[in-house]
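Colleague: The primary structure of each chain is shown beneath.
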Amino acid sequence: MTPGVRKAREHSARSKPQSEQVVRYANKVRNAPKVAVRGGFGALISDGLGVRNLEPFQTGRGFHVVPEAPDRPMSVRARPTSPHLQIYRWTITMAMSILHRATGIANYAGMALFAIWLVAAAMGQEALTAVNFIYGSWLGQVALFGFTWSLVHHMLGGLRHWVWDFAVMMEPGQREALAWATLAGSVILTLLIWTVFVWAA
Amino acid sequence: MRETPITKTIIADPRSHYGNGPASTRHFITQRVTGLVNVVFLGLLLFLVVRLAGQDRTDLVAVIGNMVVGLPLMVLIAIVAVHMRNGMRDTLEDYFAGRMYRLVMGLNTFFCLVVALAGIGAVAKIVFWG
Numbered sequence: 016m017t018p019g020v021r022k023a024r025e026h027s028a029r030s031k032p033q034s035e036q037v038v039r040y041a042n043k044v045r046n047a048p049k050v051a052v053r054g055g056f057g058a059l060i061s062d063g064l065g066v067r068n069l070e071p072f073q074t075g076r077g078f079h080v081v082p083e084a085p086d087r088p089m090s091v092r093a094r095p096t097s098p099h100l101q102i103y104r105w106t107i108t109m110a111m112s113i114l115h116r117a118t119g120i121a122n123y124a125g126m127a128l129f130a131i132w133l134v135a136a137a138m139g140q141e142a143l144t145a146v147n148f149i150y151g152s153w154l155g156q157v158a159l160f161g162f163t164w165s166l167v168h169h170m171l172g173g174l175r176h177w178v179w180d181f182a183v184m185m186e187p188g189q190r191e192a193l194a195w196a197t198l199a200g201s202v203i204l205t206l207l208i209w210t211v212f213v214w215a216a
Numbered sequence: 003m004r005e006t007p008i009t010k011t012i013i014a015d016p017r018s019h020y021g022n023g024p025a026s027t028r029h030f031i032t033q034r035v036t037g038l039v040n041v042v043f044l045g046l047l048l049f050l051v052v053r054l055a056g057q058d059r060t061d062l063v064a065v066i067g068n069m070v071v072g073l074p075l076m077v078l079i080a081i082v083a084v085h086m087r088n089g090m091r092d093t094l095e096d097y098f099a100g101r102m103y104r105l106v107m108g109l110n111t112f113f114c115l116v117v118a119l120a121g122i123g124a125v126a127k128i129v130f131w132g
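Chains A and B, in that order, give the protein sequences.
Heads up: the first sequence begins at 16 in the working numbering, then just goes up one per residue.
Heads up: the second sequence begins at 3 in the working numbering, then just goes up one per residue.
Don't take each hint at face value.
[Unchecked claim] One side of the interface only, derived from the structure: several residues of chain A facing chain B at Cβ under 8 Å: (1) G125; (2) M126; (3) A127; (4) M170.
Hints are computed from structural coordinates only; laboratory data are not their basis.
Yeah, the Cβ is synthetic: ideal placement off N, Cα and C, and Gly gets one too.
Based on the provided sequences and hints, a complete structural model is requested.
Modeller: Next up, the structure:
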C-alpha cells in the first residue's frame, strides 16, 4: 500500500463518523418545526461541523442538505453577489409588494392612454373616433381590462399601506390576511366593474 | 452610475446621514395623501369611461365640458401626475444612482409633465372652448 492510498483510506475512515453526524444534523433540521429559520444567503452555512453546501427552500422545513455533500470533499459554491428574488421563499406579502410596484408602473404607462383619449376628444370627432376604434378593439379591451385591475389593485395596496401606517394589522397572520384580501378584492372588484358596466350594460 | 460605497467608517461615524431626511418625509406624506385623493380620481375615471366609452364627441363634451366634472378632473389629473412622479422616483432610486439617476429622473419628470399638461390642456379645451 502506497503512502498515498493509506492516507486516503485513513482520511475516509476519519470522515465517516463526521458524515453520520452531518446526516443526523440534516434529519434534525428536516424534522424541525416549520418556524425554523429559512433561507440565508443560499450557499454556505456553517453548522459547527464545518462548512457544508446547503440548499435552502427545498423541503419547506428548515434547510435541505445536499445528500452527497457529507461524503464528498467539501464543495464550495460561489456566493450570489446580491440576495435577490430567487433566494427568498415567496410570501404573499412579498408578492403583493412586488405587485404593488408593478401595477404602479403599469398605471404610470396607462395614464398615457387616458391622456391620449382626452387629447383626441379635444381635437375633434375624427381623432376621437380613431381612438375609440383602437380602445374598442379586442386588444384595446384586454389592455383596458388589465388597466382596470392594475388600478384597483394599486388602490387597495395603497389603502393597505394606510392601514399599516397606523401600526395595525402588522402581526403574523394579520398582514398575510390583508395581503390576500388585496389580491382577492382587486380581482372581485375588477370583475364586478366589468360585469356591471361593460358585459351587462 | 454606481452609488458611493458605504464603508465601515461611514457607518461608524455618528454624523453620517443618508439622503435628505425632511425631503424623504415630505415624499412619503405626499405619496400617501395624493394616493388617498387618487381614490376619488379612480371613481371619476370609472364614471367617465363607463359613461363615455365609445360615445360621440357631443356626448363627451356635454359631460366633461360641465364645470362640475371638468374642473375637478383637471385638479385630479395634476395630483395623479405628482403621485406618478413620486412613485416612479422610489423605483428609480432602487436601481440607479449618480448621473444615471438624474437622467432617468429627468425623463420621469418629463413624462409626468407631458401627461399632466396634455390631460389638463385637453380638459380645459373641452370645458372652456367646447
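Colleague: Now tell me, hint by hint, if it's right for this structure.
Modeller: Results of checking the hints against the structure:
With a least beta-carbon distance of about 10 Å to chain B, the hint placing G125(A) at the interface is violated under the 8 Å criterion. A distance limit of 8 Å between C-beta atoms decides the matter here; for M126(A) the minimum to chain B is near 5 Å, and the interface restraint holds. A distance limit of 8 Å between C-beta atoms decides the matter here; for A127(A) the minimum to chain B is near 6 Å, and the interface restraint holds. A cut of 8 Å between beta carbons decides the hint on M170(A): the least distance to chain B is about 6 Å, and the hint holds.
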